[in-house]
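Peer 1: Given next are the chains, with one letter for each unit.
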Amino acid sequence: MSIGFTEDHEHLRELVRRFLQARSPSHEVRRLIRDGLGRDDEVWFQMAGQLGLQGIAIPEEYGGSGFGPTELGIVLEEMGRVLLVAPYFSTVALAGQTLTASDDEEARRRWLPGIADGSLTATLAVAEHGGTGARTEIATIAEPAGDGWALTGTKLFVLDGHTADLLLVVARAEDGIGLFGVEGDAAGVVRTELESLDLTRGMAEVVLDAAPAIRVGGDRPSGGWLPRVRDLVLASLAAEQIGGAARCLELAVEYAKVREQFGRPIGSFQAVKHKCAGLLIEIEAGRSAAYHAGFAVAEPGAEGAAAAALAKAYCSEVFTHAAKECIQIHGGIGYTWEHDAHLFLRRAKSSELLFGTPARQRARFADLVEI
Amino acid sequence: MTLQERANPAPAETGEEFRTRLRAFFTDHHPGRAPKDPAERFAWNRRWLATMFDHGYAGPGWPREFGGMELSFAHQVIYQEELARARVPGPLGTGLGIVAPTIIKYGTREQRDRWLGPMLRGDKVWAQGYSEPGAGSDLPSLRTTARRDGDEYVVNGQKVWTTHAGDADLFFTLVRTGTPQSRQKGITYLVVDARARGVQVRPLRDLTGGHAFAEVYFDDVRVPVADRIGEENEGWPLVRTSLGHERAAGAMNQAALYRRVLTELEDLARERGLLADPLVRARFTDLEIQVRIIRYNAQRIISDILAKGEPGAASSVSRLLISAFEQEIHEFALDLLGPAALLGKSAAQSVQRSRWLHGFLRTRASTIGAGTREIQLNTIAEQVLGLPHDPAMPPR
Numbered sequence: 001m002s003i004g005f006t007e008d009h010e011h012l013r014e015l016v017r018r019f020l021q022a023r024s025p026s027h028e029v030r031r032l033i034r035d036g037l038g039r040d041d042e043v044w045f046q047m048a049g050q051l052g053l054q055g056i057a058i059p060e061e062y063g064g065s066g067f068g069p070t071e072l073g074i075v076l077e078e079m080g081r082v083l084l085v086a087p088y089f090s091t092v093a094l095a096g097q098t099l100t101a102s103d104d105e106e107a108r109r110r111w112l113p114g115i116a117d118g119s120l121t122a123t124l125a126v127a128e129h130g131g132t133g134a135r136t137e138i139a140t141i142a143e144p145a146g147d148g149w150a151l152t153g154t155k156l157f158v159l160d161g162h163t164a165d166l167l168l169v170v171a172r173a174e175d176g177i178g179l180f181g182v183e184g185d186a187a188g189v190v191r192t193e194l195e196s197l198d199l200t201r202g203m204a205e206v207v208l209d210a211a212p213a214i215r216v217g218g219d220r221p222s223g224g225w226l227p228r229v230r231d232l233v234l235a236s237l238a239a240e241q242i243g244g245a246a247r248c249l250e251l252a253v254e255y256a257k258v259r260e261q262f263g264r265p266i267g268s269f270q271a272v273k274h275k276c277a278g279l280l281i282e283i284e285a286g287r288s289a290a291y292h293a294g295f296a297v298a299e300p301g302a303e304g305a306a307a308a309a310l311a312k313a314y315c316s317e318v319f320t321h322a323a324k325e326c327i328q329i330h331g332g333i334g335y336t337w338e339h340d341a342h343l344f345l346r347r348a349k350s351s352e353l354l355f356g357t358p359a360r361q362r363a364r365f366a367d368l369v370e371i
Numbered sequence: 001m002t003l004q005e006r007a008n009p010a011p012a013e014t015g016e017e018f019r020t021r022l023r024a025f026f027t028d029h030h031p032g033r034a035p036k037d038p039a040e041r042f043a044w045n046r047r048w049l050a051t052m053f054d055h056g057y058a059g060p061g062w063p064r065e066f067g068g069m070e071l072s073f074a075h076q077v078i079y080q081e082e083l084a085r086a087r088v089p090g091p092l093g094t095g096l097g098i099v100a101p102t103i104i105k106y107g108t109r110e111q112r113d114r115w116l117g118p119m120l121r122g123d124k125v126w127a128q129g130y131s132e133p134g135a136g137s138d139l140p141s142l143r144t145t146a147r148r149d150g151d152e153y154v155v156n157g158q159k160v161w162t163t164h165a166g167d168a169d170l171f172f173t174l175v176r177t178g179t180p181q182s183r184q185k186g187i188t189y190l191v192v193d194a195r196a197r198g199v200q201v202r203p204l205r206d207l208t209g210g211h212a213f214a215e216v217y218f219d220d221v222r223v224p225v226a227d228r229i230g231e232e233n234e235g236w237p238l239v240r241t242s243l244g245h246e247r248a249a250g251a252m253n254q255a256a257l258y259r260r261v262l263t264e265l266e267d268l269a270r271e272r273g274l275l276a277d278p279l280v281r282a283r284f285t286d287l288e289i290q291v292r293i294i295r296y297n298a299q300r301i302i303s304d305i306l307a308k309g310e311p312g313a314a315s316s317v318s319r320l321l322i323s324a325f326e327q328e329i330h331e332f333a334l335d336l337l338g339p340a341a342l343l344g345k346s347a348a349q350s351v352q353r354s355r356w357l358h359g360f361l362r363t364r365a366s367t368i369g370a371g372t373r374e375i376q377l378n379t380i381a382e383q384v385l386g387l388p389h390d391p392a393m394p395p396r
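Chains W and R supply the protein sequences, listed in that same order.
In this text, residue positions in the first sequence follow UniProt numbering: the first is 1, and each later residue adds one.
In this text, residue positions in the second sequence follow UniProt numbering: the first is 1, and each later residue adds one.
Treat the hints as calculated values from the structure; they're not laboratory data.
These figures come from a predicted structure and were not determined experimentally.
Be careful, since some hints might not be right.
[Said to hold, decoys possible] Which residues of chain R face chain W? A few of them, derived with a C-beta cut under 8 Å, are:
#1 N297
#2 G369
#3 Q383
[As the list claims (entries may be wrong)] Take a look, some chain W residues computed to stay more than 12 Å from chain R by CB distance:
#4 S119
#5 T132
#6 R191
#7 F269
#8 E282
#9 H292
#10 G331
#11 K349
Where a beta carbon is used, it is the ideal one built from N, C-alpha and C, also for glycine.
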């Protein structure tokens, strides 16, 4: 297993960082929050057309550039730093990776080129009212209907579910849990955006009433590859989280250098220094965990599952801690709506609770490594 | 370019071939179980170092001309992994990690020839003489003096926290040659013969009840000027020299070591039927996560060095991760064992010769020795994050 970044990786990081610094500064993030559109079209198509970011982890034969979780992790870490408002995580990290992992030639050919060129947005709908996404929670039913299937049930916590062109829905068929593609505007689909904590990433309820669907993975049960999707998603989220955490520390450090109290910069006080250095330790440790997970899930096997659970558990805690400390170090300024610190706290807490809380991931990790 | 890089030939054998060769060497020459008696153990350890040296398996990162292996960094990592796997003892004294790089970088040819080989072979054991009762983390305030007298220095003062001073043949020390106010600008690096007249070693009992440390007194000790490293009053910058790469490769060794310690604690908990408790399981899970992160972090340092020639930010946090972990694992072991953990090793009922209790006490030093945790956090804050200097502290 490769454990290091190459020079090309560093170039990719540099390229994405410069692009996002120019195109997703704080005032743009806030404009998109106010407009409630969920993305800037021009930025979205530039990302796809000029930078090829949507297709980064999609095989070349479907219009992507054929890289994997490591390269996607680099992109997501950078997006996490700027709280990019766009359906990138849902379309690329969730749906794109799911389809790529699915091994369903027809499904890949139908949807991946659209994801790669930016013309199709998509998401993955797993969790229901319990919010855990566990197999036992899946109550949405898939029944054969004509040439295809019909889905009935209610999905919750669906990221960008109200805008996605394609919904990949996990549902229960007679032969077991399966994955189904549903057009966002198909008959029998009612989507409602839900007011929720993270202002930079929308979340929806999707009610399906005999909605027409196509089974992904053909008629084979998808039990074999769905767990791998979960590992890929967890590793992706950990990468995004660590980017957000690192930015929180940067903001805090920048402020501590210039803000004076008692006649000296607050960053010269040990209490503040130790807070910042302590965060750096956590962030670097989290980075090691997230990078390792990216490399580990690139190859199938048990190592990836444990590494991804570990990274999601650890990076969730690191990001939330960093966001809280960022507010604390900013003092009163950090408590205001005008400062970005709360946007990071919102993203951090949401990411922590979605896709399995740290406690749940720790329990999964313990099972996987047989503690 | 470092010494290692300049002299390093392209590796003649692949990593796997090298690993096989190392494994065979460690199997064929394994020194067996360590004797319990401290003096016998010391002699046994020395013999093992000599065996490694004589077969060309000592000093993975050292230049060949001083008896080292001059390995590429990738091969050093393999060396450390196999060393940990073979469970053989490492170098004696504190010399190799700290003073050797200083001698390699700043020593004269004569000093290198005289000191390095015997250090690596274990023929001469070195101990550190930096700290003083009033100068620990604030090292520039040290007060041991050295006055020039012809071809000699006359040294007076006291050092403390000197690990294994009783076994040492040589002390590498920092002494004040400038005015008392000169701070780091008046410090000289001297090597003092442990058997010289006027050197007195008094074992210092630490909180474990053991005598790993000592106080060292210098009373008109005469040290040849030829045993000074670098120039007079210019000893301070020498302190920071280190074979950073060797240390980074060693991080892998530590990760493997602590992985083993954790397994041993898990085995103990299982034997005693304690793993069934969900809270116990949760804490083991947390420790497992930490020890894995220590390993991932070591891997990251290594891959940074391989890709860019130097360790990145991961290396600055490595020691703090490890010190927190080793304190926590022993603390947890005590929790786990309850009153049984309290018994000393002579008690017939003691658990595993009270290794966990000893570890709990011993690892109090992990966040103090070689710079307290607080000083290291300051260093990270200022040097990695660029936060402003504390005006209450003297300028760097």
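Peer 1: For each hint, tell me whether it holds in the structure or not.
Peer 2: Consistency of the hints with the structure:
1. N297: At about 4 Å, which falls below the 8 Å cut-off, the nearest Cβ of chain W leaves the hint on N297 of chain R intact, so it holds.
2. G369: violated, 18 Å
3. Q383: It is violated, given that the least Cβ distance between Q383 of chain R and chain W is near 10 Å, above 8 Å.
4. S119: Label holds. Min Cβ-Cβ 37 Å, cutoff 12 Å.
5. T132: holds, 18 Å
6. R191: holds, 38 Å
7. F269: violated, 7 Å
8. E282: With a cut-off of 12 Å, E282 of chain W comes too close to chain R, as the shortest Cβ separation is near 9 Å.
9. H292: violated, 4 Å
10. G331: At about 16 Å from chain R, G331 of chain W clears the 12 Å cut-off, so the statement holds.
11. K349: Given that every Cβ of chain R is farther than 12 Å from that of K349 of chain W, nearest at about 21 Å, it holds.
Hints 2, 3, 7, 8, 9 from the earlier list are contradicted by this structure; the remaining hints agree with it.
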